[in-house]
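Q: Here is what each chain is made of, one letter per residue.
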Amino acid sequence: MTSIHRRRETLPAMLLLAPFLVAFLLFFLVPALQTFWLSLTDSSLTRTSAFVGLANYATLVQDPSFWAALGNTFYFSLLTVVPLTVLGLVMALLVDRFTRAGAWLQGAFFLPFVLPISVMTLIADWMLQPTSGVVNYLLGMQRAWFADVHWAMPMVAIGTIWWTVGFNMLMFLAGLRNIPRELYEAAALDGARGFALFRHITWPQLRPVAWTALVLQLIASLKIFGQTYIMTTGGPYNTTRVTLHYMYETAFTQSDAGYAAAIATAFVIVVVLLSLLQGWIARRVGGRP
Amino acid sequence: MKRRTLIGMLALASMLPARAAEVQVVRMWTLLSGGDGARMRALVEEFNASQQAVRVESTTLKWGEPFYTKLITASVVGAGPDLATIHLSRLPNLAGGGVLRSIAPAELAAVGLAGDDFLPRQWTKSQHAGRTYAVPLDQHPLVLYYNKNLAGKAGLLDAQGNLKPIEGMDALTDALRRVKAATGKAGLTMESAQSSYAIWRLWLSLLAQQGLPVVANGRFAYGPAGEATLARIAGWFQAGYATSGMDYPASTSQFMGGNAGFMINGVWEVPELVRGAKAGTLGFEYGIVPLPKLYADASTWADSHGFALPANGDKPMSAAKAHAVLSFVAYVSRHSLGWAEGGHIPAYRPVAESPEALALQPNAQYAAAAHSVVYDPDGWYMGAAGPLEAIASKFLPAPLAGQLTPADALRRFETEAARLLKKRAPQY
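Quick mapping for you: the protein sequence lines, in order, are chains A and B.
Using UniProt numbering, the first residue of the first sequence is number 1, and each one after it goes up by one.
Using UniProt numbering, the first residue of the second sequence is number 1, and each one after it goes up by one.
In short, the hints are calculated from the structure, not lab data.
This one's a predicted model, so the numbers in the text were calculated from it and none came from an experiment.
Please note: incorrect hints may appear among the correct ones.
Pairwise CB distance ranges (calculated) [to be verified]:
no.: 1; chain 1: A; residue 1: Ala58; chain 2: B; residue 2: Asp247; range: 33 to 41 Å
no.: 2; chain 1: B; residue 1: Asp297; chain 2: A; residue 2: Trp126; range: 41 to 49 Å
no.: 3; chain 1: A; residue 1: Arg47; chain 2: B; residue 2: His371; range: 34 to 42 Å
no.: 4; chain 1: B; residue 1: Gly34; chain 2: A; residue 2: Thr48; range: 34 to 42 Å
For every residue, glycine included, the Cβ atom is placed at its ideal position computed from N, Cα and C.
Work out the full structure, taking the sequences as your base and the hints as a guide.
A: The following block contains the structure:
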């Protein structure tokens, strides 16, 4: 009885899933497998040629440029993941707190997120111009931020935070609005005030959202390419060249698609491992069931 | 008789629309921008107006790596143009990789061109594995521009108001110092920001003056002189004779604004100076000399533009189309005096050796540079905006800004480029 019932539900379920599954297979899984296959070959930009086994990977593990690019990617993630999550939470709390100005604040916080990357980088570039930029004007200096080996990456990170924090704010806001008001009322009756309310009610309720935000943010930050490609072109002397930028240069400037595919595959493994690690930590800390 | 005439006329009339439909459309991609782009557009329009059989449609694409990536990928899948302007320094990569279609001597002869019509050096650069893959258009060497007002105040001019010969690195360094001391302006300006190509071109020139190639037999061959030479150039910036961190527009406007005694740049900035002098907006008199003999000779970096026909994969072009394409190339060659007004030295000898071209100012001042040009060494990774230049443009500007020592910059440059030198030439 149940098996017949189940079978009856399977067909419609498959039908409903089909549009997604087809798109997923065609545009994600198949290209991903093709990329992996490509990484086992010695291929140019346009021609897939000789199978070389794991030779590209053997080169990769000894390639200082790859490790340096990976290091730059981690540095960027370090500068963005936690600040973006914390700032998103603070903004969401502000929006939630001010009933009247809330909508206005929400709009202001979210607005940068709708900008295309070209506009965002242009704005950042203008503001950070050595002689005519507003940042140097306010600080009374003439620093070429993106040419400065110490400041280039932090500036890219600040630009990125300004650009994308609105999304995290929305996630936290949705989480905040899902917390039943009765909890606060009950706590208030018990005499809880201010930070105690946040610590004992808001934060425990928000923790799953916070972990999700962190995971999504980690993946988003590791994926960085456009901002550094446009604002610093990886300079000065490759100190802001991130993994995907190295992959891009390998494929398109050096016409080495096989090696570029190996970089991509290795990077996917790194990202997956980091996400798993983060999930494991989350479970240990007790953020998720 | 009358009837035959009528029939003949009818037959002719019936052929007319057919002939009109046979207009060969030649699609051309160029990477020429600014003044070069405008001059090429003018040549295309003049050619289109000069005859009815061929119409050239030109598209300008972004200079450098984007242009070549697009050309390579488009040609491989048969979606490329019929004609492209390329740098001859990229020929080993493009011809060797199968991106270009070779041009037969008979095809050239059909439009009245032959190998002897071109300067031998540029003609040689158009050959790969015994075949012709491009028709050379010009050469554009690095030259030394100078501001006569500033150089005069620094006592660097002779009685005729021309630059006294400068010979040796010390003499040039001293000249830069004197301009700075006498006028307070920069001694030298050149593109020096990150991702600059100028330093590669100058470094390559000065190594060639010492008889050293950058790469020989798949290895870096510049030795200790590479570091010493880079240190000498960086010294100008450290001493304050030149400003580091300048991107291309900033560096040229420093010279055009009368704020630098000398500028090291390619000849492509000549039209801007000619225009400014004519319009009276320049505010100073300028002169141009070949890059001086700073070491053993006066070798100077140069590259050339050339016309090439993409192979277009399994869609090779018809003989008629090839004839149409080459007739345009022949037209441009014969009218390349206009191209010389862009500062370039024409590669087509009947023009290059004509009295008009030899008398053309200011080109005549630096014409001697053509005798000692060096190109990027041959190699698939070499050439304009090629993989090795791209890597050099990341590291070589750093010592100018004092961010890295010359030794450290070259060490990083070699580390990054090591894989490139070992790799087989890619087939596309």
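Q: Against the range 33 to 41 Å, how does the distance between the Cβ atoms of Ala58/A and Asp247/B compare: consistent or not?
A: Taking Cβ atoms as reference, Ala58/A and Asp247/B lie about 39 Å apart, which means the hint holds.
Q: Between Asp297/B and Trp126/A, does the C-beta distance stay in 41 to 49 Å?
A: Between Asp297/B and Trp126/A, where Cβ atoms are some 46 Å apart, the hint holds.
Q: Would you say the C-beta atoms of Gly34/B and Thr48/A sit inside 34 to 42 Å of each other?
A: The hinted range 34 to 42 Å holds for Gly34/B and Thr48/A, with Cβ atoms some 39 Å apart.
Q: Tell me if the beta carbons of Arg47/A and His371/B are separated by a distance inside 34 to 42 Å.
A: holds (41 Å)
Against the hints set out earlier in the document, no violation occurs for any number.
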